[in-house]
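Participant: Sequence:
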Amino acid sequence: MPKLEQVMENIKSILCLNGDVHNAGVFNKFKNLPVIAADGAVNKVLKLNILPDLIVGDGDSIESNDKLNNIEYIRSPNQNYTDFEKSLNVMQKRKLLPCIVTGVSGGELEHTLYNLQVIARHDNFLFHDSACHDKLKFGIFISTDFTATLKINSTISILPYPRAVVSSCGLKWELDNYNLCINNKASIRNMTANNNVSISLSSGRAMVIFEVF
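When the letters of the sequence shown are read in order and numbered with the numbering used here, they come out as residues -7 to 205.
Just so you know, the hints here were simulated from the structure itself, not pulled from any lab data.
Errors might be hidden in some of the hints.
What the hints assert, rightly or not - Here are the simulated distance ranges between beta carbons:
| # | residue 1 | residue 2 | range |
| --- | --- | --- | --- |
| 1 | Glu(-3) | Ser53 | 32 to 38 angstroms |
| 2 | Tyr106 | Ile63 | 24 to 30 angstroms |
| 3 | Leu38 | Lys177 | 40 to 46 angstroms |
| 4 | Ile180 | Met0 | 22 to 28 angstroms |
| 5 | Ile180 | Gly51 | 35 to 41 angstroms |
| 6 | Ala112 | Lys87 | 39 to 45 angstroms |
| 7 | Met0 | Ser149 | 17 to 23 angstroms |
| 8 | Asn169 | Glu102 | 33 to 39 angstroms |
| 9 | His125 | Asp52 | 27 to 33 angstroms |
What the hints assert, rightly or not - Simulated pairs of lysine-lysine, PhoX-like, Cα-Cα distance not exceeding 25 angstroms:
| # | residue 1 | residue 2 |
| --- | --- | --- |
| 10 | Lys85 | Lys23 |
| 11 | Lys23 | Lys177 |
| 12 | Lys4 | Lys85 |
| 13 | Lys(-5) | Lys87 |
| 14 | Lys164 | Lys(-5) |
| 15 | Lys87 | Lys23 |
| 16 | Lys21 | Lys4 |
| 17 | Lys59 | Lys39 |
| 18 | Lys127 | Lys(-5) |
| 19 | Lys164 | Lys143 |
| 20 | Lys39 | Lys21 |
| 21 | Lys21 | Lys(-5) |
| 22 | Lys4 | Lys177 |
| 23 | Lys39 | Lys127 |
| 24 | Lys39 | Lys4 |
| 25 | Lys87 | Lys21 |
| 26 | Lys21 | Lys143 |
| 27 | Lys127 | Lys23 |
| 28 | Lys85 | Lys127 |
| 29 | Lys164 | Lys59 |
| 30 | Lys39 | Lys23 |
| 31 | Lys143 | Lys127 |
| 32 | Lys4 | Lys23 |
| 33 | Lys(-5) | Lys23 |
| 34 | Lys164 | Lys127 |
| 35 | Lys59 | Lys21 |
| 36 | Lys87 | Lys4 |
| 37 | Lys164 | Lys177 |
Every residue, glycine too, gets a C-beta built ideally from N, C-alpha and C.
Model the full assembly from the supplied sequences, consistent with the hints where possible.
Facilitator: Now the structure itself:
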């Protein structure tokens, strides 16, 4: 049973993609973790006055900057894989996984959807919703039980991927062996009614998105 607190403790790095990265909140919360930039994402982190520890990609989106002179850059021109996938390959070899992924959304829709598809292949990855300016919002894909300590009256959503049978404890609108399916139902913007929240899956896989204050 993954617990959010344990998932966060096991995170080994932050991977920044070339989507929307509006603030440094996630970097500040996990300031001791190495930062990896997937190609053009380096331009985003530099605007936040953050220097990445490593850059991976094909180099087609990186703007020239003297600050990058001493940063390790692994060039990978293979167009059969995205810069996200190339970065994960390098990070796996360097034992930098699991990670937090930020810059997931924004830009063209197919990029966002494929980024989520890549994240869904992995357990215990957190992805950061950088569209939120006043709070930290994360998501995780689960295929078993998941528990978290969250603030009461914070939003939480459970989306099937592509289907899941879900029960919950600690939510305003509880789920009791509820069948969620990508072409039918999901639990969108539910609310926490208790600090201790548990999501149980008897089958399937789901994406859970929640707020961390």
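Participant: Could you run down the list of hints and mark each one as holding or not?
Facilitator: To see whether the hints hold, each was checked on the structure:
With their beta carbons about 36 angstroms apart, Glu(-3) and Ser53 fall inside the hinted range of 32 to 38 angstroms. Between Tyr106 and Ile63, the C-beta spacing of about 26 angstroms keeps the proposed range 24 to 30 angstroms intact. At about 42 angstroms, the beta-carbon gap between Leu38 and Lys177 stays in the expected band of 40 to 46 angstroms. For Ile180 and Met0, the hinted distance range of 22 to 28 angstroms is satisfied, since their beta carbons lie about 24 angstroms from each other.
For Ile180 and Gly51, the hinted distance range of 35 to 41 angstroms is satisfied, since their beta carbons lie about 39 angstroms from each other. At about 22 angstroms, the CB distance of Ala112 to Lys87 disagrees with the hint of 39 to 45 angstroms. Taking 17 to 23 angstroms as the suggested C-beta distance range, the pair Met0 and Ser149 conforms, at roughly 19 angstroms. In this structure, Asn169 and Glu102 meet the distance hint of 33 to 39 angstroms, their C-beta atoms being roughly 34 angstroms apart.
The hinted window of 27 to 33 angstroms between His125 and Asp52 holds, with their beta carbons roughly 29 angstroms apart. About 22 angstroms separates the Cα atoms of Lys85 and Lys23, which keeps this hinted pair within 25 angstroms; it holds. Our distance criterion of 25 angstroms between C-alpha atoms is broken by Lys23 and Lys177, whose separation comes to about 38 angstroms. A C-alpha spacing of about 13 angstroms is found between Lys4 and Lys85, which places the hinted pair at or below 25 angstroms, so the restraint holds.
At most 25 angstroms may separate the alpha-carbon atoms for a hinted pair to count; Lys(-5) and Lys87 meet this at roughly 21 angstroms. Taking the CA atoms of Lys164 and Lys(-5), the gap is about 20 angstroms. The hint holds against a cut of 25 angstroms. Of the supplied pair hints, the one linking Lys87 and Lys23 holds, its CA atoms being roughly 18 angstroms apart against a limit of 25 angstroms. For the proposed pair Lys21 and Lys4, the alpha carbon gap of about 13 angstroms is at most 25 angstroms, so the pair holds.
The suggested pairing of Lys59 with Lys39 holds, with an alpha-carbon distance near 11 angstroms, which does not exceed 25 angstroms. Between Lys127 and Lys(-5), the direct Cα distance comes to roughly 20 angstroms. Compliance with the 25 angstroms bound is thereby established for this hinted pair. Restraint check: the Cα-Cα separation between Lys164 and Lys143 comes to about 13 angstroms, which is no more than 25 angstroms; the hinted pair holds. Note on Lys39 and Lys21: the hinted pairing holds, with a Cα-Cα distance of about 18 angstroms set against a maximum of 25 angstroms.
With a C-alpha separation of about 18 angstroms, the suggested pairing of Lys21 with Lys(-5) holds against the 25 angstroms cut-off. Straight-line distance between C-alpha atoms of Lys4 and Lys177 comes to about 34 angstroms, which puts the hinted pair past the 25 angstroms bound. For the suggested pair Lys39 and Lys127, the alpha carbons sit about 20 angstroms apart, so the restraint of at most 25 angstroms is met. At most 25 angstroms may separate the alpha-carbon atoms for a hinted pair to count; Lys39 and Lys4 meet this at roughly 23 angstroms.
About 21 angstroms separates the Cα atoms of Lys87 and Lys21, which keeps this hinted pair within 25 angstroms; it holds. Restraint check: the Cα-Cα separation between Lys21 and Lys143 comes to about 17 angstroms, which is no more than 25 angstroms; the hinted pair holds. A distance of roughly 16 angstroms separates the Cα atoms of Lys127 and Lys23; the hinted pair therefore holds under the 25 angstroms criterion. For the hint pairing Lys85 with Lys127, the CA-to-CA distance comes to about 32 angstroms; that exceeds 25 angstroms, so the pair is violated.
With a CA separation close to 48 angstroms, the supplied pair Lys164 and Lys59 exceeds the 25 angstroms bound. This hinted pair checks out: Lys39 and Lys23 have alpha carbons roughly 16 angstroms apart, not beyond 25 angstroms. Simply put, Lys143 and Lys127 have alpha-carbon atoms about 12 angstroms apart, close enough for the 25 angstroms limit, and the pair holds. Taken as a hint, the Lys4 and Lys23 pair is honoured in the structure, with Cα atoms around 11 angstroms apart against an allowance of 25 angstroms.
As the CA atoms of Lys(-5) and Lys23 are separated by approximately 21 angstroms, the hinted pair is consistent with the 25 angstroms bound. Proximity of Lys164 to Lys127 is assessed by CA-CA distance (about 21 angstroms); at most 25 angstroms being required, the pair is judged to hold. For the hint pairing Lys59 with Lys21, the CA-to-CA distance comes to about 23 angstroms; that is within 25 angstroms, so the pair holds. In summary, the hint linking Lys87 to Lys4 is supported, as the alpha carbons are separated by about 8 angstroms, within the 25 angstroms threshold.
A C-alpha spacing of about 17 angstroms is found between Lys164 and Lys177, which places the hinted pair at or below 25 angstroms, so the restraint holds.
Checked against the numbered hints above, the structure breaks hints 6, 11, 22, 28, 29 and satisfies the rest.
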